[in-house]
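J.: Using the sequences and the hints given, assemble the complete structure.
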Amino acid sequence: MTRSVWKGPFVDAYVLKKAEAARESGRKDVIKIWSRRSTILPQFVGLTFGVYNGKKHIPVNVSEDMIGQKFGEYSPTRTYYGHAADKKAKRK
Amino acid sequence: MARIAGVNIPSGKRVPIALTYITGIGPTKADEICEAVGIERSRRVNDLSDAEVLKVREYIDENLTVEGDLRREVQMNVKRLMDLGCYRGLRHRRNLPVRGQRTSTNARTRKGPAKAIAGKKK
Chain A
1 MTRSVWKGPF
11 VDAYVLKKAE
21 AARESGRKDV
31 IKIWSRRSTI
41 LPQFVGLTFG
51 VYNGKKHIPV
61 NVSEDMIGQK
71 FGEYSPTRTY
81 YGHAADKKAK
91 RK
Chain B
1 MARIAGVNIP
11 SGKRVPIALT
21 YITGIGPTKA
31 DEICEAVGIE
41 RSRRVNDLSD
51 AEVLKVREYI
61 DENLTVEGDL
71 RREVQMNVKR
81 LMDLGCYRGL
91 RHRRNLPVRG
101 QRTSTNARTR
111 KGPAKAIAGK
121 KK
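So the sequences go chain by chain: A and B. The numbering used here numbers the first residue of the first sequence as 1 and each following residue consecutively. The numbering used here numbers the first residue of the second sequence as 1 and each following residue consecutively.
There's no promise every hint is true.
As the list claims (entries may be wrong) - If you anchor each label on the Cβ, the simulated ranges turn out as follows:
| hint | chain 1 | residue 1 | chain 2 | residue 2 | range |
| --- | --- | --- | --- | --- | --- |
| 1 | A | K55 | B | I9 | 56 to 66 Å |
| 2 | B | R93 | A | H83 | 17 to 27 Å |
| 3 | A | R23 | B | T105 | 44 to 54 Å |
As the list claims (entries may be wrong) - Far from chain A, by Cβ distances over 10 Å, these chain B residues were calculated:
| hint | residue |
| --- | --- |
| 4 | T23 |
| 5 | D31 |
| 6 | D50 |
| 7 | E52 |
| 8 | R110 |
These are calculated hints, taken from the structure and not from any lab test. All C-beta atoms in this analysis are idealised placements derived from N, C-alpha and C, irrespective of residue type, glycine included.
T.: Printed below as a string of structure tokens:
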């Protein structure tokens, strides 16, 4: 079920505040955020966010195509290097 | 034999059924086309007049994306996701289900035929 339009996009307030501050101070370093659930808004384009994946902040450079998606989409939370058996099979 | 939307040559079937042989046209779209062009649903392709076939062709050209164009559009959308580095793109890259389905079992459509794992039996 998609979100009702009348509510507008969901963004955690602190993300907005940090983004605003970063833009005013001239775009430079990574903005650390923990809010993976926030929507990427048009005014975030060009900024770099460090999106937390549970372990560290993954730098995400926001481009125009990303608008409307959530930050969490760009910061994978799982590590998977394949099964041990896969490696053996490759060696042969 | 009628040639509609390039390569497709549907046979002596009923018109709505024959139209679904075109990529991008399913039962619903096929019915819509028949209604818009004014062809009865029970008629068969081989007793359509040339003018009627032309009308169908024009309607599809104007209103729908089909065949190669549609495939290209879908491919472009997938490619966009892959280039973006987002989760959905990663899933496409690995050829795994994109919409959160389980992969422990099933997911054979995306993963292809099951691969035997050496030495799995006790």
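J.: Which of the stated hints cannot be reconciled with the structure, identified by number in ascending sequence?
T.: none
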